[in-house]
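Spelled out, the chains give:
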Amino acid sequence: MDSSSALLVGDLAGVAVFAASGGSAAVGKRLDLFGVVFVGFVAALGGGILRDLVINQVPPLAFADWRYPATAIVASLAVFWLHPHLDRLRRTVLGLDAAGLGLFTVTSTLKALDAGVPAVGSCLLGMLTGIGGGLVRDLLLNEIPVVLRREIYAVASLLGAIAVASLVRLGWGSVLTFTGAALLVFVVRITALYRHWSAPRPRLGGGATTDTG
Amino acid sequence: MDSSSALLVGDLAGVAVFAASGGSAAVGKRLDLFGVVFVGFVAALGGGILRDLVINQVPPLAFADWRYPATAIVASLAVFWLHPHLDRLRRTVLGLDAAGLGLFTVTSTLKALDAGVPAVGSCLLGMLTGIGGGLVRDLLLNEIPVVLRREIYAVASLLGAIAVASLVRLGWGSVLTFTGAALLVFVVRITALYRHWSAPRPRLGGGATTDTG
Amino acid sequence: MDSSSALLVGDLAGVAVFAASGGSAAVGKRLDLFGVVFVGFVAALGGGILRDLVINQVPPLAFADWRYPATAIVASLAVFWLHPHLDRLRRTVLGLDAAGLGLFTVTSTLKALDAGVPAVGSCLLGMLTGIGGGLVRDLLLNEIPVVLRREIYAVASLLGAIAVASLVRLGWGSVLTFTGAALLVFVVRITALYRHWSAPRPRLGGGATTDTG
Numbered sequence: 001m002d003s004s005s006a007l008l009v010g011d012l013a014g015v016a017v018f019a020a021s022g023g024s025a026a027v028g029k030r031l032d033l034f035g036v037v038f039v040g041f042v043a044a045l046g047g048g049i050l051r052d053l054v055i056n057q058v059p060p061l062a063f064a065d066w067r068y069p070a071t072a073i074v075a076s077l078a079v080f081w082l083h084p085h086l087d088r089l090r091r092t093v094l095g096l097d098a099a100g101l102g103l104f105t106v107t108s109t110l111k112a113l114d115a116g117v118p119a120v121g122s123c124l125l126g127m128l129t130g131i132g133g134g135l136v137r138d139l140l141l142n143e144i145p146v147v148l149r150r151e152i153y154a155v156a157s158l159l160g161a162i163a164v165a166s167l168v169r170l171g172w173g174s175v176l177t178f179t180g181a182a183l184l185v186f187v188v189r190i191t192a193l194y195r196h197w198s199a200p201r202p203r204l205g206g207g208a209t210t211d212t213g
Numbered sequence: 001m002d003s004s005s006a007l008l009v010g011d012l013a014g015v016a017v018f019a020a021s022g023g024s025a026a027v028g029k030r031l032d033l034f035g036v037v038f039v040g041f042v043a044a045l046g047g048g049i050l051r052d053l054v055i056n057q058v059p060p061l062a063f064a065d066w067r068y069p070a071t072a073i074v075a076s077l078a079v080f081w082l083h084p085h086l087d088r089l090r091r092t093v094l095g096l097d098a099a100g101l102g103l104f105t106v107t108s109t110l111k112a113l114d115a116g117v118p119a120v121g122s123c124l125l126g127m128l129t130g131i132g133g134g135l136v137r138d139l140l141l142n143e144i145p146v147v148l149r150r151e152i153y154a155v156a157s158l159l160g161a162i163a164v165a166s167l168v169r170l171g172w173g174s175v176l177t178f179t180g181a182a183l184l185v186f187v188v189r190i191t192a193l194y195r196h197w198s199a200p201r202p203r204l205g206g207g208a209t210t211d212t213g
Numbered sequence: 001m002d003s004s005s006a007l008l009v010g011d012l013a014g015v016a017v018f019a020a021s022g023g024s025a026a027v028g029k030r031l032d033l034f035g036v037v038f039v040g041f042v043a044a045l046g047g048g049i050l051r052d053l054v055i056n057q058v059p060p061l062a063f064a065d066w067r068y069p070a071t072a073i074v075a076s077l078a079v080f081w082l083h084p085h086l087d088r089l090r091r092t093v094l095g096l097d098a099a100g101l102g103l104f105t106v107t108s109t110l111k112a113l114d115a116g117v118p119a120v121g122s123c124l125l126g127m128l129t130g131i132g133g134g135l136v137r138d139l140l141l142n143e144i145p146v147v148l149r150r151e152i153y154a155v156a157s158l159l160g161a162i163a164v165a166s167l168v169r170l171g172w173g174s175v176l177t178f179t180g181a182a183l184l185v186f187v188v189r190i191t192a193l194y195r196h197w198s199a200p201r202p203r204l205g206g207g208a209t210t211d212t213g
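Those protein sequence lines, which keep their order, are chains A, B and C. So in the numbering used here, spot 97 of the first sequence is number 97, and the numbers just go up one at a time. So in the numbering used here, spot 131 of the second sequence is number 131, and the numbers just go up one at a time. So in the numbering used here, spot 122 of the third sequence is number 122, and the numbers just go up one at a time.
Do not take every clue at face value.
Stated by the list, open to error - Think about it this way: if two alpha-carbon atoms lie no more than 27 Å apart in a straight line, the pair counts; the simulated DSSO-like pairs of lysine-lysine are: (1) A/29 x C/29; (2) B/29 x C/29; (3) B/29 x A/29.
Unchecked claim - Here are the computed distance ranges between Cβ atoms for each label pair: (4) B/176 x C/144: 42 to 48 Å; (5) B/174 x C/66: 51 to 57 Å; (6) B/66 x A/114: 36 to 42 Å; (7) A/171 x B/166: 46 to 52 Å; (8) C/70 x A/116: 15 to 21 Å; (9) B/180 x A/116: 43 to 49 Å; (10) B/91 x C/176: 38 to 44 Å; (11) B/82 x A/9: 52 to 58 Å.
Unchecked claim - Cβ-to-Cβ under 8 Å is the rule here; a few derived chain C residues that face chain A: (12) 27; (13) 77; (14) 192; (15) 194; (16) 196; (17) 197.
These aren't lab readings, by the way, just hints derived from the structure by calculation. Keep in mind it's a predicted model, so treat the numbers as computed, not measured. Even glycine gets a Cβ: it sits at the ideal position worked out from N, Cα and C.
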């Protein structure tokens, strides 16, 4: 498998898992067929559309290449008909979300570097594409976005993006090492979930005891 | 009327009805003058700005052609001063919204096809532009977006977009047939509202009986 | 200081104050370190990313020039560690927000004019960039956006944008006069806050007495 088809496979896998994550969350909210497909579609393709606009790849792949929307729609429909029992939905969403986070972070950082975006901007764009899908899914479903909650989320994505930029800089880029970077994101995110790792919170001097986060 | 001025008229009519729909919804929330104009502006022009970025028409018409913002602002102001009684506001918003959905779906699908976007992508972009205005309006006003509720909404838009792409492919495109496609969207949407058509909902195996949609 | 470095300084100052405003609001919601930095980042750079896409400056400065994200991140971190006592947070957010509104309105209107956007579109884009940061901040934190509330907000920004476009048209543009336009926005906004100026609200004929705004 050459590097450009590996990138396509990684990208489409990310689309599929984010669509499944968005679709599962929409099923949990009891949305109808089109609501489930719509949330899956936006969760899977929203981040990539923004990325393609930023690196001036127009029209974005979500519109220029039918395999992208087809993958998102098929994955959302699969979730609609085959979704797991309600008590396992939350775990399913979180697991798929972590996989999509890893895949999108890696493919988007690579695409940004290819388009000539400087390393710092490429890492930020990779992270934003990675977290964008889950962010939009949560906003649409009226949840506080997962990225703003206490667990390590954006930082897992940022670590992966920095790993990709470093591999490219060192000349060690290959399908194998980039897959490793995607796995790194997945493992950090899942471990943070299970161990309840969390980032430091601000100390408030005003004597506040209520927690509105 | 030649085809490009027909496109302009259809686009501006869509801007006016979506601005009126956004403005009416904002009046219902008792926002002030600028809030009403702002929600009307974003509902009318937000979808088109995204569309123009995607097809690389920059700056987007909302900024490049003063008739677009002027139409949105005048329509919002008209709603502010002339708005109907409160008990008719909801029906007004839904009717204007259905008209805007039809107009924007048709004009945006045509613009995307003209810009060389493939047929599948053009239909999706036409649908997203059509539903984008109402989506942003509802997010700003802290409502669950109408597109995610139970009635047929996105599917009416998608039918219209597919009709437009088919007409173009068959060489049957004209002001008359495209107007028919816009009417199709309007009629499907309004009929769905009155008949309470709805898309299938997921069956949940976990014994859930509460409905959070 | 020549005019292009003045524009850079004004832009980075706007980034810093909007990041501080977003970070302070996130601290008030008790978000963790990464949530605070993320909200600060998006509040500071979101409006400018949209502006750069609209005027076809790609990749947007937020990704192309590392000083932009660095400024946003440092300002957010500073707020995280040095934030004022809780009882002064709301006032801090409002003051920083007014300063950012003035700076972004002026720099974005100038950039749009430089990019060849017509005067009406440039004023609208300057206003949208100015109000965009606070809008996204409030949406992320699940607040009704400040721009939709009763105080004069968008109108202060629009006045500043019209002042900038007029100064350019009259040939009176200079660092001094543009700084005056930014101050105008700040003073109008702060005065409106202290005097409780508000825009007119719609009269509802349906006998509604409850206020849901």
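Hints and how they fare:
no.: 1; hint: A/29 x C/29; verdict: holds (25 Å)
no.: 2; hint: B/29 x C/29; verdict: holds (25 Å)
no.: 3; hint: B/29 x A/29; verdict: holds (25 Å)
no.: 4; hint: B/176 x C/144: 42 to 48 Å; verdict: holds (45 Å)
no.: 5; hint: B/174 x C/66: 51 to 57 Å; verdict: holds (53 Å)
no.: 6; hint: B/66 x A/114: 36 to 42 Å; verdict: holds (38 Å)
no.: 7; hint: A/171 x B/166: 46 to 52 Å; verdict: holds (50 Å)
no.: 8; hint: C/70 x A/116: 15 to 21 Å; verdict: holds (20 Å)
no.: 9; hint: B/180 x A/116: 43 to 49 Å; verdict: holds (46 Å)
no.: 10; hint: B/91 x C/176: 38 to 44 Å; verdict: violated (54 Å)
no.: 11; hint: B/82 x A/9: 52 to 58 Å; verdict: holds (56 Å)
no.: 12; hint: 27; verdict: holds (5 Å)
no.: 13; hint: 77; verdict: violated (11 Å)
no.: 14; hint: 192; verdict: violated (27 Å)
no.: 15; hint: 194; verdict: violated (23 Å)
no.: 16; hint: 196; verdict: violated (25 Å)
no.: 17; hint: 197; verdict: violated (29 Å)
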